[in-house]
Amino acid sequence: AQKVTQAQTEISVVEKEDVTLDCVYETRDTTYYLFWYKQPPSGELVFLIRRNSFDEQNEISGRYSWNFQKSTSSFNFTITASQVVDSAVYFCALRGGATNKLIFGTGTLLAVQP
Amino acid sequence: NAGVTQTPKFQVLKTGQSMTLQCAQDMNHEYMSWYRQDPGMGLRLIHYSVGAGITDQGEVPNGYNVSRSTTEDFPLRLLSAAPSQTSVYFCASSLKSTSYEQYFGPGTRLTVT
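Those sequence lines, one after another, are chains E and D.
Counting from 1 along the first sequence, just add 47 to a position and that's the residue number in the working numbering.
Counting from 1 along the second sequence, just add 36 to a position and that's the residue number in the working numbering.
Since the hints were made in silico from the structure, they are not lab data.
Among the clues, some could well be false.
[Said to hold, decoys possible] Computed cross-link-like contacts, DSS-like style, restricted to lysine-lysine with a CA-CA straight-line distance of at most 27 Å:
| id | chain 1 | residue 1 | chain 2 | residue 2 |
| --- | --- | --- | --- | --- |
| 1 | E | K85 | D | K45 |
| 2 | E | K148 | E | K50 |
| 3 | E | K148 | E | K63 |
| 4 | E | K50 | E | K117 |
| 5 | E | K148 | E | K117 |
| 6 | D | K50 | E | K148 |
| 7 | E | K85 | E | K63 |
| 8 | E | K50 | E | K85 |
| 9 | E | K63 | D | K45 |
| 10 | E | K50 | D | K132 |
| 11 | E | K117 | D | K132 |
| 12 | E | K85 | D | K132 |
| 13 | E | K85 | E | K117 |
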C-alpha cells in the first residue's frame with residue numbers, strides 16, 4: 048500500500064522566518080515519484096516539484112528547497128525567509144512505479160504573518 | 037492554451053438528482069483524472085483515464101461514472117447525488133501518466149442538500 052503522511056496540519060510563522068514542511072511516504076516500489084503542490088487561498092493547485100526515486104540530489108529554487116532522503120522515506124520542503132505570499136496549503140504526493148494513481152497527503156496549512 | 041477547464045464553478049443539487057461535471061484540456065495530454073477535496077482529507081482520486089476509451093477506478097469511485105470518448109474531454113457523472121458528495125472537485129491532466137506533473141483545473145464546488 049502507498050501512503051503519504053503530512054503530520055503538520057497547520058504551521059504559523061512570522062515573515063522572514065524559515066519553515067520546513069515535512070512529508071513522509073510509504074511504498075514498496077523501487078521506482079516512484081514524489082511531488083509537491085501548492086494551493087493558495089484562491090483555490091487552484093500549482094505544481095512545485097517532481098522527484099524520482101533514483102535522484103536523491105537536493106533541489107533549490109530561489110527561496111524553496113527540497114530534501115529527499117530515501118533512508119528515512121522523507122521528502123521535506125523548506126521555505127527560506129518566508130513571505131506572506133507563501134501562505135497556502137501545501138500537498139505532498141506519491142506515485143508508485145507500478146500504478147498510475149497519485150496519492151496525496153492531507154496537506155499542511157502554512158500561515159505567514161506580516 | 038486554455039489549459040484545463042472545468043464547468044460549472046459552483047453547483048447546488050438536491051439529493052437524488054444527477055449531473056455531469058465537465059472537464060476539458062487542450063494540451064493533448066493522455067492522462068486525465070478526477071479528484072475530490074474534503075477538509076482534512078487532502079485530494080482523493082475518484083477515476084482516471086490513460087487515454088481515449090480507457091478509464092479506471094481510483095480510491096473513491098462509488099457514486100461516480102466517467103467516460104473518455106475523446107482525448108480532450110473527461111466528464112464526471114454523479115448518478116444520484118448524496119450529501120456525502122458535497123465537496124470540491126478537481127480535474128487534472130498530465131502528458132502521459134502520473135509520473136509527470138499534473139495540471140489542475142480551477143475546481144467545481146458542489147453542494148448536495
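Take the C-alpha atoms of K148 of chain E and K50 of chain E, compute the straight-line distance between them, and say whether it is at most 27 Å. holds (12 Å)
Mind checking the alpha carbons of K85 of chain E and K117 of chain E for me, to see if they're no more than 27 Å apart? With Cα atoms ~23 Å apart, K85 of chain E and K117 of chain E stay inside 27 Å; holds.
Do the alpha carbons of K85 of chain E and K63 of chain E lie within 27 Å of each other, as the hint requires? OK: K85 of chain E and K63 of chain E at ~19 Å, within 27 Å.
If you draw a straight line from the CA of K148 of chain E to the CA of K63 of chain E, is it 27 Å or shorter? violated (36 Å)
Satisfaction of hint between K148 of chain E and K50 of chain D, Cα-Cα up to 27 Å: violated (31 Å)
Has the given pair, K50 of chain E with K117 of chain E, been kept, meaning a C-alpha gap of at most 27 Å? holds (15 Å)
Distance restraint between K63 of chain E and K45 of chain D, which requires alpha-carbon spacing of 27 Å or less: Not satisfied, since the Cα-Cα distance of roughly 35 Å exceeds 27 Å.
Quickly compare the C-alpha distance for K50 of chain E and K132 of chain D to 27 Å and report which way the hint goes. holds (23 Å)
Tell me if the straight-line CA distance from K85 of chain E to K132 of chain D falls inside 27 Å. holds (22 Å)
Could you grab the alpha-carbon distance between K85 of chain E and K45 of chain D and see if it respects the 27 Å cut-off? holds (20 Å)
Given the proposed pairing of K50 of chain E with K85 of chain E, does the C-alpha separation stay at or below 27 Å? holds (19 Å)
K148 of chain E and K117 of chain E were given as a pair; does the straight-line alpha-carbon distance stay at or below 27 Å? holds (21 Å)
Going down the numbered hints, you'll see the structure goes against 3, 6 and 9, while the others check out.
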